Structures are given as C-alpha cells and as structure tokens.
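Participant: Read off the chains here:
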Amino acid sequence: MAALAPASRTDSRFEPALMRRKVTGTLFYGACVAAIALLLLTLIVLLVDVFVRAAPWLDLQFLTSPPSSRPARAGILPAIVGTLEIGIIVGVVTFPIGVAAAIYLVEYASDSWINRLLQTNISNLAGVPSIIYGILGLAVFVRALAMGPTILAAALTLSLLILPVVIIASVEALKAVPHAQREGAYALGASRWQMVSRSVLPAAAPGIMTGVILAMARAIGEAAPLILIGAFTFVTFLPNPISGQYTVLPIQIYGWANRPQDDFQGISAAAIVVILALMLILNALALIVRARLSRHIQW
Amino acid sequence: MSAVPISLTRRRPVGERIIERLLFLAAAVGVVTTLGIIAVLAFETIEFFLAVSPIDFFTGTHWSALIKPQSWGVLALVSGTLLVALIALVIAIPLGLLAAVLLAEYASPRVRTVVKPILETIAGVPTIVLGFFGLNFIAPHVLRPLLGPDNIGTFSALAGGIVVGILITPLIASISEDSMRAVPRGLREGAFAMGATKFEVVRKVVFPAAVSGIMASIILAMSRAIGETMAVVLVVGTKPQLTFDPTESIQTMTAFIVQISIGETAQGSIEYKSLFAVGSTLFLMTFVLNLLSGWVVRRFRTAY
Numbered sequence: 027m028a029a030l031a032p033a034s035r036t037d038s039r040f041e042p043a044l045m046r047r048k049v050t051g052t053l054f055y056g057a058c059v060a061a062i063a064l065l066l067l068t069l070i071v072l073l074v075d076v077f078v079r080a081a082p083w084l085d086l087q088f089l090t091s092p093p094s095s096r097p098a099r100a101g102i103l104p105a106i107v108g109t110l111e112i113g114i115i116v117g118v119v120t121f122p123i124g125v126a127a128a129i130y131l132v133e134y135a136s137d138s139w140i141n142r143l144l145q146t147n148i149s150n151l152a153g154v155p156s157i158i159y160g161i162l163g164l165a166v167f168v169r170a171l172a173m174g175p176t177i178l179a180a181a182l183t184l185s186l187l188i189l190p191v192v193i194i195a196s197v198e199a200l201k202a203v204p205h206a207q208r209e210g211a212y213a214l215g216a217s218r219w220q221m222v223s224r225s226v227l228p229a230a231a232p233g234i235m236t237g238v239i240l241a242m243a244r245a246i247g248e249a250a251p252l253i254l255i256g257a258f259t260f261v262t263f264l265p266n267p268i269s270g271q272y273t274v275l276p277i278q279i280y281g282w283a284n285r286p287q288d289d290f291q292g293i294s295a296a297a298i299v300v301i302l303a304l305m306l307i308l309n310a311l312a313l314i315v316r317a318r319l320s321r322h323i324q325w
Numbered sequence: 003m004s005a006v007p008i009s010l011t012r013r014r015p016v017g018e019r020i021i022e023r024l025l026f027l028a029a030a031v032g033v034v035t036t037l038g039i040i041a042v043l044a045f046e047t048i049e050f051f052l053a054v055s056p057i058d059f060f061t062g063t064h065w066s067a068l069i070k071p072q073s074w075g076v077l078a079l080v081s082g083t084l085l086v087a088l089i090a091l092v093i094a095i096p097l098g099l100l101a102a103v104l105l106a107e108y109a110s111p112r113v114r115t116v117v118k119p120i121l122e123t124i125a126g127v128p129t130i131v132l133g134f135f136g137l138n139f140i141a142p143h144v145l146r147p148l149l150g151p152d153n154i155g156t157f158s159a160l161a162g163g164i165v166v167g168i169l170i171t172p173l174i175a176s177i178s179e180d181s182m183r184a185v186p187r188g189l190r191e192g193a194f195a196m197g198a199t200k201f202e203v204v205r206k207v208v209f210p211a212a213v214s215g216i217m218a219s220i221i222l223a224m225s226r227a228i229g230e231t232m233a234v235v236l237v238v239g240t241k242p243q244l245t246f247d248p249t250e251s252i253q254t255m256t257a258f259i260v261q262i263s264i265g266e267t268a269q270g271s272i273e274y275k276s277l278f279a280v281g282s283t284l285f286l287m288t289f290v291l292n293l294l295s296g297w298v299v300r301r302f303r304t305a306y
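Protein chains in written order, with the working numbering: chain A, 27 to 325; chain B, 3 to 306.
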C-alpha cells in the first residue's frame with residue numbers, strides 16, 4: 027500500500043491535468059470574488075462621493091427652507107413634505123387592496139382560467155416600466171378624472187405602480203403559513219373568512235408588513251412617473267394633497283442635478299443624503315415591525 | 003351517514019360570499035390597470051398615426067420633435083435605447099452571474115450575510131441617485147481619464163450603459179442564484195464523485211441545469227434596462243441619433259418622454275401625442291421581453 031500511494035498520486039491517467047484544472051478553478055473563484063469586490067467598491071465610491079459633495083450644504087437651514095434660485099438659500103422642506111404625503115397615501119391605498127388581492131389569490135381562488143389570468147397579469151404588471159404608469163396616471167387621474175397635477179394624482183399613480191409588488195410580497199407571506207394552521211382553524215369550526223382573518227393573517231402579518239413598508243420605500247424613490255404628473259415645478263410652499271403644485275425629493279434631486287453649476291450639484295447631493303436617510307429609516311422600520319410581530323409566532 | 007351531506011350542502015352565509023366578492027374585486031384591480039394602460043396608449047397612438055404615417059414612424063431614422071422641421075423616425079430613439087441596454091448587459095451579465103455563483107456555490111453563511119446586503123442596497127438605491135453618480139463621477143472621473151477628454155463628452159451612451167449595468171446586476175444575481183440553488187445537491191455530488199473540480203461542477207453541472215432561470219434573469223434585466231428612466235436621463239444627453247458609437251450622446255425613448263413632459267407642450271399637439279406613440283413602442287418592447295422570459299422558464303426548465 028505504502029508503495030502504491032505515491033505512484034497513484036503521480037499517475038496522470040487517474041488525475042488528468044489536475045494541476046491545471048485546479049488553477050483554472052482558483053482563477054474562477056478569484057473572478058467571483060473580484061466581481062463582488064467591484065460591486066462593493068462601486069457602492070462605497072457612490073456613497074462617499076455623494077456625502078463629500080453634500081457635506082457643505084447639509085444643515086438645518088437646508089432641511090427647513092423652500093427651494094431658491096440661489097443654492098446657498100435653497101432648501102427641501104416642500105419636497106420632504108410632498109414625499110411624506112405621497113408615501114402615506116400610497117401606503118393607505120395599497121395596503122388593503124394588495125393584501126385583499128393576495129388573500130383572494132392564495133386562500134380563495136380555484137384553478138380556473140380567470141384566476142390564472144389574474145395571476146399572470148400581476149407578474150406582467152410588475153415588469154411594466156414605471157414611466158408607462160406615468161402615462162396612465164396623466165391620462166386617467168390628471169385629465170379624465172380632472173384631479174390635475176396634484177399629490178393625490180401622483181399618489182394614486184404610484185399606488186398602481188407598487189400594487190403588484192405588495193401583492194407578490196403578501197402572496198409569499200401567506201404561502202409561508204403552514205397548512206396545519208388552516209386545518210386547525212377549520213377543525214375548531216371556523217368559516218373560511220374566520221380561518222383567514224383570525225388564524226392565517228396574524229401568522230402572515232410580519233411578512234406582509236415588511237413587504238408593504240419596502241414597497242412604500244420603493245414608491246418614494248420613484249421619480250419617472252411623477253415627471254408626467256407635473257412634479258417638475260418650482261414649489262416654494264408646502265404642498266396641499268388635493269390641490270395645487272407639489273414636488274418630491276427624487277424630482278428635486280433631478281431638477282438640481284440638471285443644472286450645470288457645481289453649487290446645484292452640491293445641494294442635489296444633499297437632497298440625495300436626505301432621501302437615502304429616509305430609505306434607511308423605512309428599512310429599519312421594516313426590520314422592527316417584523317421582529318415585533320413575529321414574537322408570538324413559532325412553527 | 004346522513005349528517006355529513008347536510009353540513010356540506012348547507013349554503014354558506016351571505017357575509018362570507020360578500021367577502022369573497024370584495025377580495026375578488028381587489029385582485030381584479032390589476033386587470034383593470036392593464037386594460038387602462040393598453041386603452042390609454044392605443045387611443046392617443048392612433049390619434050398620432052392619423053397625423054404621421056406609421057411606416058415613416060417605424061422605419062425613419064431621424065427624430066426631431068421640438069426643432070422644426072419635425073421628423074418622427076423612432077428608430078433613432080430605439081437604437082439609443084438598445085445601445086444603452088446592450089452596454090448594460092455586457093457589464094451586468096458577467097458581474098451578476100459571478101456574484102450569483104459565489105452566493106450559490108462558494109459562500110459560507112457568514113460571507114452571504116456580507117454579500118447579500120451589498121446587492122440589496124444597490125437594488126434599493128433610487129435610480130435618480132445612480133443617474134447623479136453617472137453624471138458627476140463615472141463620466142468625468144472614470145470615462146474621461148480612461149478614454150481621453152477628446153474622445154468622450156459630458157453625455158454619452160457608454161456612461162448611461164454603465165449606470166444601468168450597475169442597476170440591473172442585482173436583478174441578474176438574485177434570480178440566477180435562486181435557480182442555481184434549486185439544482186439538487188445529488189447532481190453536484192455525483193460530479194464530485196467522478197473527480198470533477200468545483201469549477202467543473204459549476205460549469206458543467208450547475209450552470210446547464212440552471213440555464214432556464216439564468217436566461218430568464220437576463221431577459222428580465224434587458225426589459226428593465228430598456229424601461230429605465232431616471233438613471234439614464236441625466237447621463238445620455240438629448241441628441242436622438244442612430245449610432246452604434248458608445249461615446250456619442252444619444253437619447254433613449256424614456257429620456258424623450260421626460261423631455262416632452264417637462265417642456266411646455268400643449269395637450270392635443272402632435273408633440274404631446276408623440277409621447278404616447280413612443281410610450282406604446284416602449285410598452286410593446288418590454289411586454290414582448292417579459293413574455294419571452296416566462297416562455298424561456300417554461301420551455302427550458304429541467305424538473306427534478
């Protein structure tokens with residue numbers, strides 16, 4: 027045995043070109059690590075670049091002032107208020123509709139052609155470019171329903187945009203509830219709605235709430251549809267939800283970034299820091315809500 | 003035996019049936035949205051085609067909506083859009099697939115907790131932020147020094163493609179990772195038992211088995227790249243032209259829609275209607291790609 031072992035190690039018939047193959051494998055692994063390193067580097071450079079540009083402009087005056095044609099006096103209060111108002115309306119509109127649609131698809135829908143159509147339709151809607159929703163909102167909410175270019179029209183447009191996201195997240199959360207949970211409720215004599223509302227929904231709540239909050243974060247970062255709903259305006263007052271002009275953070279960022287002067291790039295970067303902070307808060311909120319709601323759930 | 007049929011055939015309470023109807027209505031909002039999009043786009047696009055010949059629109063290569071004489075050759079916008087999308091894919095396919103392989107095949111749980119958030123953060127950054135980064139960093143501090151200031155301007159398709167490439171990389175990575183994870187362990191172990199190295203297992207076993215999901219992720223990423231607006235609009239410029247030179251300034255379909263929307267365009271004017279015609283073209287292109295990705299998954303799926 028002792029004599030055979032070294033012989034087989036050098037015998038190339040059993041391990042053809044092993045050295046070369048191992049080197050190829052190591053190189054490939056190196057490429058994988060390099061790809062991730064490049065992505066991480068990009069993210070770090072992006073954040074550092076934005077923060078360095080933003081630093082001289084970020085102060086209380088910036089957060090509490092309206093925009094101005096002079097960068098030193100400009101602020102983003104109307105954009106922050108507009109973004110928050112839109113975020114709240116979007117949440118209030120999409121939460122009940124999205125969860126109800128998901129409940130129908132998971133708990134009620136039989137395998138009929140119309141239910142399959144509903145399902146395919148939702149995944150197709152999730153792939154429609156956001157600017158197309160802007161065209162829909164412009165034609166339906168702004169013009170046909172005569173809401174004009176207002177916060178309300180903008181919020182309803184964004185609600186349609188993120189509804190598929192909310193539905194898909196809620197469907198996943200409902201599907202993750204074990205079947206025994208449903209059988210248990212039925213065994214106690216519950217009707218279908220009693221089973222859904224008192225047994226399945228509480229169990230799926232952490233996943234659903236996380237999905238809704240992350241979808242709201244997506245909505246307030248979205249700018250393209252709102253350009254068609256008249257958000258690209260010079261607003262120096264706090265927006266009223268149902269009448270008058272408004273603006274939101276991502277559009278304000280775009281407006282300032284569009285100007286060639288360095289000072290405007292600076293306040294644009296400052297506005298980016300504000301929207302990133304808002305996203306961070308929403309993501310943290312999603313984590314907290316998830317942790318709190320899932321305290322009593324165990325399976 | 004008699005008690006059971008009675009309880010099963012009893013009519014469900016009225017309340018229960020009303021609830022089911024309401025839930026169905028909520029699920030139907032999506033269908034109404036789809037019909038609304040198609041109706042709105044079709045209506046104004048037909049109006050546009052009453053003024054401009056569809057043949058000129060789809061075969062013309064010169065686009066000039068705001069400067070007279072007007073010209074409506076949408077290929078100038080489509081080519082700009084495709085150029086940006088192709089550059090984005092050239093960047094995102096290798097980066098996304100390598101990241102997916104690392105996550106699915108190599109990474110320990112600890113490495114995953116570092117790498118996953120990087121991808122999720124990139125995916126969650128508002129796209130206007132990436133546009134800002136492209137305008138203020140990639141174009142002046144990466145492309146200009148690299149290619150020389152005489153060869154590339156402030157605005158270019160290349161800068162747009164790089165920005166969109168960053169944006170769609172997490173999409174390719176996460177879908178591809180999922181489909182690689184779905185490949186059963188036994189297939190890998192069979193290959194290892196035959197003496198394959200880790201790389202050979204990835205290349206000859208995992209990759210072919212996951213190819214349907216990988217192809218679908220690439221097609222979806224392309225659809226996303228074509229429809230991307232805010233990351234592109236600051237970076238590529240406002241010069242619609244049919245070119246394959248990535249250092250040129252171009253205009254995408256989405257960037258044109260933005261340009262028309264922020265300008266003073268009267269409702270009912272031909273410029274206003276052109277917005278819908280370009281929107282329809284964009285919608286059809288992404289719709290076909292989305293259908294194609296679904297078809298690829300069904301056609302090439304290997305079931306275990």
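No lab work stands behind these hints: they were computed from the structure.
Because the structure is a prediction, the values reported are computed rather than measured.
Take these hints with a grain of salt, some might be off.
[To be verified] Derived DEER-like restraints, expressed as beta-carbon distance ranges:
1) B:111 x A:212: 55 to 65 Å
2) A:138 x B:240: 17 to 27 Å
3) B:188 x A:198: 38 to 48 Å
4) A:42 x B:110: 29 to 39 Å
5) B:33 x A:259: 49 to 59 Å
6) B:240 x A:42: 26 to 36 Å
7) B:17 x A:94: 52 to 62 Å
8) A:137 x B:60: 14 to 24 Å
9) B:24 x A:228: 29 to 39 Å
10) A:202 x B:271: 33 to 43 Å
11) B:33 x A:71: 22 to 32 Å
12) A:202 x B:88: 35 to 45 Å
13) B:56 x A:284: 42 to 52 Å
The beta carbon of each residue, even a glycine, is placed where N, CA and C say it ideally should be.
Participant: Just to be sure I understand the hint, the distance between the Cβ atoms of residue 138 of chain A and residue 240 of chain B should be within 17 to 27 Å; is that true here?
Facilitator: Since residue 138 of chain A and residue 240 of chain B have Cβ atoms about 49 Å apart, the given range 17 to 27 Å is violated.
Participant: Quick one: are residue 42 of chain A and residue 110 of chain B within 29 to 39 Å, going by C-beta?
Facilitator: 30 Å, holds
Participant: Holds or violated: 33 to 43 Å for the Cβ distance of residue 202 of chain A and residue 271 of chain B?
Facilitator: 51 Å, violated
Participant: Cβ-Cβ distance between residue 188 of chain B and residue 198 of chain A: within 38 to 48 Å?
Facilitator: 27 Å, violated
Participant: Evaluate the given range 52 to 62 Å for the C-beta pair formed by residue 17 of chain B and residue 94 of chain A.
Facilitator: With a Cβ separation near 57 Å, residue 17 of chain B and residue 94 of chain A satisfy 52 to 62 Å, so the hint holds.
Participant: Note whether the CB distance of residue 137 of chain A and residue 60 of chain B lies within 14 to 24 Å or breaks it.
Facilitator: 40 Å, violated
Participant: Given the hint of 22 to 32 Å, is the C-beta distance from residue 33 of chain B to residue 71 of chain A inside that range or not?
Facilitator: 44 Å, violated
Participant: Residue 111 of chain B and residue 212 of chain A, beta-carbon distance inside 55 to 65 Å?
Facilitator: With a Cβ separation near 38 Å, residue 111 of chain B and residue 212 of chain A fall outside 55 to 65 Å, so the hint is violated.
Participant: Kindly confirm whether 49 to 59 Å is satisfied by the beta carbon distance between residue 33 of chain B and residue 259 of chain A.
Facilitator: Between residue 33 of chain B and residue 259 of chain A, where Cβ atoms are some 34 Å apart, the hint is violated.
Participant: Using the beta carbons of residue 202 of chain A and residue 88 of chain B, state whether their distance is inside 35 to 45 Å or not.
Facilitator: 38 Å, holds
Participant: Okay, residue 56 of chain B versus residue 284 of chain A on CB: inside 42 to 52 Å?
Facilitator: Since the Cβ atoms of residue 56 of chain B and residue 284 of chain A sit about 33 Å apart, the hinted range of 42 to 52 Å is violated.
Participant: For residue 24 of chain B and residue 228 of chain A, compare the CB-CB distance with the range 29 to 39 Å and indicate the outcome.
Facilitator: 20 Å, violated
The structure is inconsistent with the numbered hints 1, 2, 3, 5, 6, 8, 9, 10, 11 and 13, although it conforms to all the rest.
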